[in-house]
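**Student:** Using the sequences and the hints, build the whole thing.
Protein chains in written order, with my numbering: chain A, 5 to 419; chain B, 5 to 419; chain C, 5 to 419; chain D, 5 to 419.
For the record, the hints were derived by calculation from the structure and aren't laboratory data.
Check each hint, because a few of them may be wrong.
As the list claims (entries may be wrong) - Think about it this way: if two alpha-carbon atoms lie no more than 25 Å apart in a straight line, the pair counts; the simulated SDA-like pairs of lysine to any residue are:
hint, chain 1, residue 1, chain 2, residue 2
1, B, Lys235, B, Val165
2, B, Lys398, D, Lys81
3, C, Lys296, A, Asp100
4, A, Lys398, B, Thr394
5, B, Lys82, A, Pro390
6, D, Lys107, D, Pro88
7, D, Lys81, B, Glu128
8, A, Lys404, B, Glu139
9, D, Lys90, B, Glu92
10, B, Lys87, B, Arg49
11, A, Lys107, B, Glu92
12, B, Lys81, A, Thr52
13, B, Lys90, B, Asp110
14, A, Lys371, D, Val174
15, B, Lys82, B, Arg18
To be verified - Partial chain A-side listing against chain D, Cβ under 10 Å, derived:
hint, residue
16, Ile227
17, Thr357
18, Gly359
19, Tyr360
20, Gly361
Just so it is clear, the structure is predicted and the values come from calculations on it, not from any experiment.
Every residue gets a Cβ at the ideal spot worked out from N, C-alpha and C, and that includes glycine.
Protein chains: 4
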Amino acid sequence: TPLPSPPTTPREDRHLRLNVSGMIFETWESTLNRYPNTLLGDPVRRETFYCPDRDEYFFDRHRPSFEGIFLFYQRDKKATADKPGKMEKPLSVPVDIFYAEMKFFDIDEAVIKQCLEEEWYSLEEDPYAELPTREPQRSIWLLFDYPESSLWAKIIAVFSVSMIFLSIAVFCVGTMPGFDVDPLDSAMFSNGTMLDKLDRAYEDHLFGVETACIIWFCFELAIRFYASPNKCSFMKDIMNIFDIVAIVPFFVDFFMIVGVSKLEKGSSTSVFVRVLRLFRIFRILKLSRHVKGLQVLGKALFESIGSFILLSFFLCVSMTLFGSVLYFAEPNDSNGWNSIPGTFWYIIVTMTTVGYGDVYPSSLGGKLIGGVTVVCGIMTLSMPSPAIVTNFNKAWEMSKNVIATQDKNEAPSMG
Amino acid sequence: TPLPSPPTTPREDRHLRLNVSGMIFETWESTLNRYPNTLLGDPVRRETFYCPDRDEYFFDRHRPSFEGIFLFYQRDKKATADKPGKMEKPLSVPVDIFYAEMKFFDIDEAVIKQCLEEEWYSLEEDPYAELPTREPQRSIWLLFDYPESSLWAKIIAVFSVSMIFLSIAVFCVGTMPGFDVDPLDSAMFSNGTMLDKLDRAYEDHLFGVETACIIWFCFELAIRFYASPNKCSFMKDIMNIFDIVAIVPFFVDFFMIVGVSKLEKGSSTSVFVRVLRLFRIFRILKLSRHVKGLQVLGKALFESIGSFILLSFFLCVSMTLFGSVLYFAEPNDSNGWNSIPGTFWYIIVTMTTVGYGDVYPSSLGGKLIGGVTVVCGIMTLSMPSPAIVTNFNKAWEMSKNVIATQDKNEAPSMG
Amino acid sequence: TPLPSPPTTPREDRHLRLNVSGMIFETWESTLNRYPNTLLGDPVRRETFYCPDRDEYFFDRHRPSFEGIFLFYQRDKKATADKPGKMEKPLSVPVDIFYAEMKFFDIDEAVIKQCLEEEWYSLEEDPYAELPTREPQRSIWLLFDYPESSLWAKIIAVFSVSMIFLSIAVFCVGTMPGFDVDPLDSAMFSNGTMLDKLDRAYEDHLFGVETACIIWFCFELAIRFYASPNKCSFMKDIMNIFDIVAIVPFFVDFFMIVGVSKLEKGSSTSVFVRVLRLFRIFRILKLSRHVKGLQVLGKALFESIGSFILLSFFLCVSMTLFGSVLYFAEPNDSNGWNSIPGTFWYIIVTMTTVGYGDVYPSSLGGKLIGGVTVVCGIMTLSMPSPAIVTNFNKAWEMSKNVIATQDKNEAPSMG
Amino acid sequence: TPLPSPPTTPREDRHLRLNVSGMIFETWESTLNRYPNTLLGDPVRRETFYCPDRDEYFFDRHRPSFEGIFLFYQRDKKATADKPGKMEKPLSVPVDIFYAEMKFFDIDEAVIKQCLEEEWYSLEEDPYAELPTREPQRSIWLLFDYPESSLWAKIIAVFSVSMIFLSIAVFCVGTMPGFDVDPLDSAMFSNGTMLDKLDRAYEDHLFGVETACIIWFCFELAIRFYASPNKCSFMKDIMNIFDIVAIVPFFVDFFMIVGVSKLEKGSSTSVFVRVLRLFRIFRILKLSRHVKGLQVLGKALFESIGSFILLSFFLCVSMTLFGSVLYFAEPNDSNGWNSIPGTFWYIIVTMTTVGYGDVYPSSLGGKLIGGVTVVCGIMTLSMPSPAIVTNFNKAWEMSKNVIATQDKNEAPSMG
Ligand SMILES: [K+]
Ligand SMILES: [K+]
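**Tutor:** The structure is reproduced here in structure tokens:
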């Protein structure tokens, strides 16, 4: 992004003098005219600020900010109004001041937005911009997706969160001794009709609560789909996909109860059911719709994938390196270190400084290598973590740093 | 907070020129006049600095600081003298210099205070501002609340801290074998009169020391309440509430000894007494009156509550997620992992890298998930901690960064 | 590096005035003329920017950047065009802007490069600069060393990485029970000819896979050596040395199989073979040719050697100090702490907070010292790690922060 | 530190104009004259830079630096040449540039030094400034205290470090089984003369090596004391005190061997000898004379004492708080938690995330409190550590950031 070189015939170009609260900026007219839609680039609009007695344009504006706005005009000779260059906030200027200046000088909206994003700021968007236009969709959508829009919406949100917690509790408690009666097993011993089987299944109380939760989840999903202003983007929303995935395992269970006559333990169907039930844990991700912190964490983790992969790769390389050295140092150990992969668990546990104590070196050489491993582990693991912390901070700041563009929006009235 | 747009008829407004040690600032007169109580905003006061031969106001003041003070006038068109805008210190200016400049230009006290607070600075307050006016309250208050005011006050403070340490020591030692004679038990076997019971209780030496401590605490609290300049704010002070809570358990014990004839082990009264005794640990919080570091820690922890909740929530979500995956990977383990809640302890111990070693995975799948858990734990736990460290630093700096407003206050003489 | 003092007869020197977009810089002509090869230092070239009506040189360039470029002329009186002074980027200027300005004012290439390096930036180098000139070397070199140059090159790169992973897997799996048949042992029991022995060795399937990997490594190394544009720098490249070291152990094994008739367990030859086999782990370093993250880690670790040595030294001193105190506090312990060196393992495990739990203090004194040890360990170990994190960040940033010097290079077409 | 208010009769004071490379500074003459020993404050010296045609003083110097130097004159009205104000480097100026500017404007040495110290810089001191003046002291002092002064001095330094390592090794090895023959015990069974006893003691080989080391240490200390230019500061130097303390235990041992006829195990004399022997570990501190890293660590630890005390205090408070809650939650545990002090070890081990696993909670309540403890521990312990890291960095930087004041000093030639 080179700056403009002087015009080939400089004396033909006009020399402009800008006085920003006493600080003087001078440039060629052609430099400003590159962006004719802005205040400075438009010869007519800037004339308002012209002081003929001094032959200069006077602006009673923030001087340090103008250093950045001036650079926007100067840099990037190839940039045009259609494809503008980059705007960078000077280091020492607060973001809100610079935003006000950019608005005053009428910089392009896209340029402003990209500039704010680099400062971990975002522009406030009208939350009620994308409401369905027709009734009753509009009212329902407000009720289910905008908890702050009315008291009823708030009640529904609280109820929805409670149902999520309840279903997670059922999921966890259902594995505890005394509660771990599999409704499938109960149903199986009934040789009767479909209804008999269901009857037996519902004698298991947890299965009843589970069904109640699922009915609510289905109802919520269905009515939100009906009310959604845009069915296509609704289907693509990751939150709604979590909703669907969290429901599926129940229905597979349900059809198994109704349809299957006998399920042998350890059979492949049984394993399939087990794994499928694990998907019920996706319900915890349903919480992210309601808890901002989880969304921020998710975003931070997503943007840190590179760091995680790097970290895992470092761990694997270290594991192989230290593991094989350790194997050759303590080969005939009673620690189960009779092979290199057998030492991997020790290396992980040591590098992360967890140190369960289920395995540890006992020979002098093994202790020496163990000591080196732990020091290397502390150092290696500390390397990519600042990047992850930064990503979290960025996501967190951006969710807070919202610049108000207009006066507070009123919640639209219902129906 | 938009900056002022040019006056509708700019040429009617007067153009002012300020020369701050050679740096020129120009603005419209109306911009400065917005704050008429300040040096610059008052046409009469600023006239002292007018140089007629150059038609400018000359100030032999710090130039970089003035960039910030000038912005205070420029920004926030809607601000008035009654509801002033925000003052922001330029990044590169030291706080004490900027404070001197703000005082010179006679900025509103409230604006200065809020500006300093953002820089983690506070203005020195007269510690002797709120003394009781009458004697002997005034002398007593100085004696008990201002250790630096006299030698006797210092002695009382040291004695008070010693009594706190003594009572904590009694509390801890009283649970050790050989010292754990419950005065209630001693008293109970005496079927005699109230005095007999007390006599038996006091044969337990620790109960005697305990009583001595409590007498001092009560005396101190009572006399400080008597001397306090404002009874209402005294009752609301969190430190005094700690004092009261730390005393209560003793009196319950005392009345039990005197009144109750028999206390069955495991009965609900016994449990109540046990829990109540736990409140004696509040004595340690009495220390915070005397130790500045504890106050800073308390303030930092209080301001970090959001981060703590977030962290706990992350931990809970991770616990459920990893716990359920682990349960399905190692269900029939001898680790007591026969349910999802049973794995929670393992997940916590692993994510915080404590790793007691009481439970650890033994299957390949379990080890894999354990490894992922610990890496995720290190990353997740490191995310909100910078915020907590920042809060601590802020609280710590503010307790040190005190700008002196006047010459050192003399300790008021007593009586 | 002192700044220039005024010329002995100042009035004889010419006073130059530079106007950089309205910011005025003044200096003596001799100050600029110190670097006659630059735009400002050459009286002829700078004349293009002269405005006779104002008697100044006008540049429509970035003002804050010029503050840095101006300092380059001012400082270091002894510097000459041949031995130029140091260029430093002003804190608040983005690197790419400053680079453009340095290019505009035609600063020496070496000065630019050294300035960018301090900002953790590097100039883009033409990756195809050092291709062999003759065919078929040129095509082969592109094929093996430039994965992005063609589809076939990409396939070869993927295949090469796969072979590395395969050989590492064979190395690790070959130590697991059931797979740990030593091809040497197999061969030994065959008393037949060389071919018989080899035949027996190849009945061990892993040895076959190993041989296949080695054949590929040898082929790759040989053909790359044949095609390399500079044999000498090829031999000195650390990556190629890794390649050679990773191959050697196989051939020793191979010649042992063919030549040795009997290898006694525990003999010195057997130990030599064992240690040599460990060198096969160098194959993992072959990955660094293909994975940028490993190169960055390697560079960071290399530059952190000082910090590592410091850290190790601190650990050793702490180990001796705390170890001896602990020995005198708990001398007759059943922990194996019957000597000072015997406590070293405990001290390391404690200071790094691993805490396997194989040894721990049991007396009161030992616990007290253990507590102090762990707090000191946390503090001591946290001291040099910021330096290591910084080194990693620097290496990482430099591998990303590449300033484009020309338009994108096209991959040269193949012969 | 308020800035100067305008002179009471401003128009009588002279208005000075300083042109620093084109940047204009204006001030009252009285502001500059406050420091008459500096270049700017002396009316005669500054006249050299006066340009009569423009009525200004022109300096071809660094502009951003002058902003800081100008502030030095402006601030602190009460400062005088004898008691000068504070000089602060502007944030964005490199230290070496600012140092050159301060020297040019002839600022007071003490002001420069204090300014550099705040930037973690120190001025190079002539290492050979304090040599003894007479021979042979001068030669000996160079030989023993300036390893870089000659080859023989280097050899002596290496030998001295080797002797330290040897004596530490003897100290550690001497506690290992097989080597732990107490020379006192050997000597005691000899009922013969003093020489017989010594003879027996020297049959223990380690005692011989020990004696050799001590002889060297004594010789070194004695000859250095003889050669030292200032006996008083020699005695006060902490390094020499370490030397003496490291020698004392041997002589006590020696006199015990010679004088004591019988030493009963477990007697108070025996305990005294044991504790005294522990002081031999001070030898490791003798290393700090030769290893710069240890000095830096020592300085950093010394300056972090406040943070350490704070941290220990936090740990103690947390220990008492969590320990007592834990005691009431799990009172009848088999963990040895039958008292509050009994839980302290668990709390420390948990808060520091060491987690040996010798004790861990088993009840639900205990696990809950354990989880809270570890999270609080991670947070609490992370709070003061940035201060310690900063102290270490500061000490480390100051040992490296040395500004050269003159050309490289030659090592003085020997006698
Ligand atoms: K641990
Ligand atoms: K552990």
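**Student:** If a hint holds in the structure, say so; if it doesn't, say that too.
**Tutor:** Structure-based check of each hint:
{"no.": "1", "hint": "B:Lys235 with B:Val165", "in the structure": "holds (24 Å)"}
{"no.": "2", "hint": "B:Lys398 with D:Lys81", "in the structure": "violated (31 Å)"}
{"no.": "3", "hint": "C:Lys296 with A:Asp100", "in the structure": "violated (39 Å)"}
{"no.": "4", "hint": "A:Lys398 with B:Thr394", "in the structure": "holds (16 Å)"}
{"no.": "5", "hint": "B:Lys82 with A:Pro390", "in the structure": "violated (42 Å)"}
{"no.": "6", "hint": "D:Lys107 with D:Pro88", "in the structure": "holds (16 Å)"}
{"no.": "7", "hint": "D:Lys81 with B:Glu128", "in the structure": "holds (21 Å)"}
{"no.": "8", "hint": "A:Lys404 with B:Glu139", "in the structure": "violated (53 Å)"}
{"no.": "9", "hint": "D:Lys90 with B:Glu92", "in the structure": "holds (23 Å)"}
{"no.": "10", "hint": "B:Lys87 with B:Arg49", "in the structure": "holds (22 Å)"}
{"no.": "11", "hint": "A:Lys107 with B:Glu92", "in the structure": "holds (21 Å)"}
{"no.": "12", "hint": "B:Lys81 with A:Thr52", "in the structure": "holds (20 Å)"}
{"no.": "13", "hint": "B:Lys90 with B:Asp110", "in the structure": "holds (15 Å)"}
{"no.": "14", "hint": "A:Lys371 with D:Val174", "in the structure": "holds (22 Å)"}
{"no.": "15", "hint": "B:Lys82 with B:Arg18", "in the structure": "holds (20 Å)"}
{"no.": "16", "hint": "Ile227", "in the structure": "violated (39 Å)"}
{"no.": "17", "hint": "Thr357", "in the structure": "holds (7 Å)"}
{"no.": "18", "hint": "Gly359", "in the structure": "holds (7 Å)"}
{"no.": "19", "hint": "Tyr360", "in the structure": "holds (7 Å)"}
{"no.": "20", "hint": "Gly361", "in the structure": "holds (5 Å)"}
This entry does not satisfy hints 2, 3, 5, 8 and 16, going by the numbered hints stated previously.
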